[in-house]
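The listed protein sequences derive, respectively, from chains D and P. Numbered per this note's numbering, the first sequence finishes at 613, counting up by one with no gaps. Numbered per this note's numbering, the second sequence finishes at 153, counting up by one with no gaps.
Simulated from the structure, these hints should not be mistaken for laboratory data. Here a beta-carbon is modelled for each residue, glycine too, at the ideal position from N, C-alpha and C. Check each hint, because a few of them may be wrong.
To be verified - Dumping the calculated DSSO-like pairs for lysine-lysine here, alpha-carbon to alpha-carbon at most 27 Å:
no., chain 1, residue 1, chain 2, residue 2
1, D, K48, P, K89
2, D, K48, P, K143
3, P, K130, D, K98
4, P, K51, D, K131
5, P, K51, D, K48
6, D, K77, P, K89
7, D, K55, P, K81
8, D, K77, P, K36
9, D, K123, P, K89
10, P, K143, D, K55
As the list claims (entries may be wrong) - Some chain P residues flagged as far from chain D (calculated, every beta-carbon gap over 12 Å):
no., residue
11, S37
12, K89
13, M104
14, I106
15, H107
16, Q132
17, H138
18, Q141
19, T149
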Amino acid sequence: MERTHVLVCAGTGCTSSKSLELVKRFEEDIRMKDLQNEIKVVKTGCFGLCQKGPIVAIHPDKVFYSHVSLGDVDEIVNEHLYKGRPVKRLEITDIDEETKEAIFEFEKIKFYAKQKRIALRNCGTINPEDVTEYIALDGYQALAKVLLEMTPQQVIEEMKKSGLRGRGGGGFPTGSKWQFAANQVNDEKYVICNADEGDPGAFMDRSILEGDPHSVIEAMVIAGYAIGAHHGYVYIRAEYPIAVERLKIAITQAEEYGMLGDNIFNSGYKFNIEIRLGAGAFVCGEETALIASIEGKRGMPVVKPPFPAVKGVWGKPTIINNVETFANIPAIINNGADWFSSIGTEKSKGTKVFALGGKIVNTGLVEVPMGTTLREVIYEIGGGCLNHKNFKAVQTGGPSGGCLTEDHLDTPIDFDNLVALGSMMGSGGMIILDEDNCMVDVARFYMDFIVDESCGKCTPCRVGTKRMLEMLNDITEGKGTLQTIADLEALALHVKDSSLCGLGQTASNPVLSTLKHFKHEYLAHVIDKKCPAKVCKSLLDYSINKDACKKCGLCAKGCPTTAITGVLGKEAYVIDAEKCIRCGACVQNCPFGAVDRA
Amino acid sequence: MKSLDELNRIREEALRKVNLRQNNAQYRVLIGMATCGIAAGARPVMKTFLEAIDKDQLQVTIQQTGCIGMCIHEPIVEIIDQAGIKTTYMQVNASKAQEIIESHLKQGKILEAYTHVTK
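Please work from the sequences and hints to get the whole structure.
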């Protein structure tokens, strides 16, 4: 009889810090103590607090350990599992602001207290490679209900009533999308799960597939029943090996248990799922390009309409939903549309998963009700900026989104509010930028990404993004003028208006939103030829502060161009601006902080 | 999968596997398992609890806990109900544990006799 479960995160983040070795060591140590009948080690999906990985949770004690290393395992087994004394030094804690005492219960820790987990409900709780654990927590109940008690139209009505909108970026109402496909008269229809998550910094779809793959499978069968399809594809990038592996295991288990295949629940309904691996092209997240890729063609978008709901994969009616959208669906069927629509804002219902990244204390995955403010997400859950630096901006929606400033922090997050501010929800990447980030450089980074990822089919995107990148390079290198900024803005608007697909239409967003909110930084680059955040190397001047210089000569020793001269122990060192290539080596080499950057 | 009954059967069985990760136990049993507790015989006591929970499918979780300072009264077993009310049993052995299971965990009746020190 088991008394304790040791849950070890086996998501991509924690696996890369060797959590699978921890699993092995726990199992060995537990066997050595002859506790293997009482204590079970379970590999789970992502707990969300990736910053503090590898994460180990002990139940029913509800103890949460962070940054667990192989050397800590002995101590946890000897002290906690054998003698019942939790290892305090490894526990995740918060400080209670009123009593100033440490909080150990993880439900009360700020990172979790504000979250509401629907799509991530099972991540970090169940073993994703064991279908019975999913079943234990109400898994496949929704499918049974749909197949045995509801008509396809009732399912669609329920989805419409719930107000669920697509979580992949566009925010299109899921129920309406299903209705379009259901209205098509065709004996062959398809359901596609879009797992081609490509935004830099977004990893919620990967984590759901790694932590709870059956929730997506169950929802795909429900979607198939609703629109009258019998075949589904999961389009997932090959760069997600763990997610692909778990998905394969889950599909095999679902087939064994008869959740996939013929005559599911004796209802006469049949459904199958196939995995299609993508090679990681960003444009393949666009639905028409994705369909082309599934068909074995080059992943390029085509003009809509016809929409995929009318003419999709193999020319047949097809619905394409994102992983996170699917993960919400079993919960909606089980708890009812009214329950779901009671969460969130007027036009955006339910919750949204965000991937927090950049200059933030708690990098990781969080799920909050729509309408939560950016401030709550960034400061209360995310813990604020790293090293107490000043917050500058938050980039939402990846390369298609934009930057929001401190003035926007109290905006409730939902689809429409973010669009109104010139950004977008996107798939939910949220990159925090602080005072050390140059906004022109950030815009340049995203444009560089888009230039790489543009498929080249339409001219505005193929040529326009390249020209924009060149202008941004000029500005960051000090070659820009006021005219460059004006040209950049005009071109950005043209590309936005005239590109074929979503990739090009949104490619200008990082430029336009930084121009709107951080115009002064652009002006500083072209007029003063200075980078206020001291990022753009060509615009920096290095000098040595004579009073602070201890004449040790370390700066000169490390200078690759012998631009620094002086006399050891006697004369302060000076930098020859002509020879200086602005590499910054002297700043790093000086132990006294005597090298100034301006 | 042919019916809802079949699904529910699998669910009931599987629920036992994950229940202790959920927050829905009727009672939490804390057993003092520091050096003093183990020396005084806490291990057979815990085994008795574990076997009974398994056999009778009780909604109870078992937690080991450290020394609370009354080493002389070990093995100490604390039972906490859903309202957070704690009952402390002292100098428990396997047979006393069996009685506690029958009375407290199954019928909700606290065994006053074992809640204070007898020797």
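Here's how the hints hold up against the structure:
1. The hinted pair formed by K48 of chain D and K89 of chain P meets the criterion: a straight-line CA distance of about 24 Å does not exceed 27 Å.
2. For the suggested pair K48 of chain D and K143 of chain P, the alpha carbons sit about 35 Å apart, so the restraint of at most 27 Å is broken.
3. Taking the CA atoms of K130 of chain P and K98 of chain D, the gap is about 22 Å. The hint holds against a cut of 27 Å.
4. For the given pair, K51 of chain P sits about 24 Å from K131 of chain D by alpha-carbon distance, which is consistent with the 27 Å threshold.
5. Straight-line distance between C-alpha atoms of K51 of chain P and K48 of chain D comes to about 22 Å, which keeps the hinted pair within the 27 Å bound.
6. Our distance criterion of 27 Å between C-alpha atoms is met by K77 of chain D and K89 of chain P, whose separation comes to about 25 Å.
7. As the CA atoms of K55 of chain D and K81 of chain P are separated by approximately 16 Å, the hinted pair is consistent with the 27 Å bound.
8. Under the criterion of a C-alpha separation no larger than 27 Å, the hint pairing K77 of chain D with K36 of chain P is inconsistent with the structure, at around 37 Å.
9. Among the hinted pairs, K123 of chain D with K89 of chain P is inconsistent with the structure: their alpha-carbon atoms are about 34 Å apart, more than 27 Å.
10. Proposed proximity of K143 of chain P and K55 of chain D is contradicted: the alpha carbons are some 32 Å apart, above 27 Å.
11. Not every CB of chain D lies more than 12 Å from the CB of S37 of chain P, the least distance being 6 Å, so the non-interface label is violated.
12. At roughly 9 Å, the least C-beta separation between K89 of chain P and chain D is not larger than 12 Å, which violates its mark as non-interface.
13. Consistency note on M104 of chain P: stated as away from chain D, and its beta-carbon is indeed over 12 Å from all of that chain's, at 15 Å minimum.
14. Taking the minimum C-beta to C-beta distance to chain D, about 18 Å, the non-interface status of I106 of chain P holds against the 12 Å cut.
15. The beta carbon of H107 of chain P sits about 16 Å from the closest Cβ of chain D, which is more than 12 Å, so the claim that it is off the interface holds.
16. Under the 12 Å C-beta cut-off, the non-interface status given to Q132 of chain P relative to chain D holds; the minimum distance is some 15 Å.
17. The beta carbon of H138 of chain P sits about 18 Å from the closest Cβ of chain D, which is more than 12 Å, so the claim that it is off the interface holds.
18. No Cβ of chain D approaches the Cβ of Q141 of chain P within 12 Å, the least distance being about 21 Å, so the stated non-interface status holds.
19. Every Cβ of chain D is farther than 12 Å from the Cβ of T149 of chain P; the closest lies at roughly 21 Å, confirming the non-interface assignment.
Violated hints for the displayed structure, listed by number in ascending order: 2, 8, 9, 10, 11, 12.
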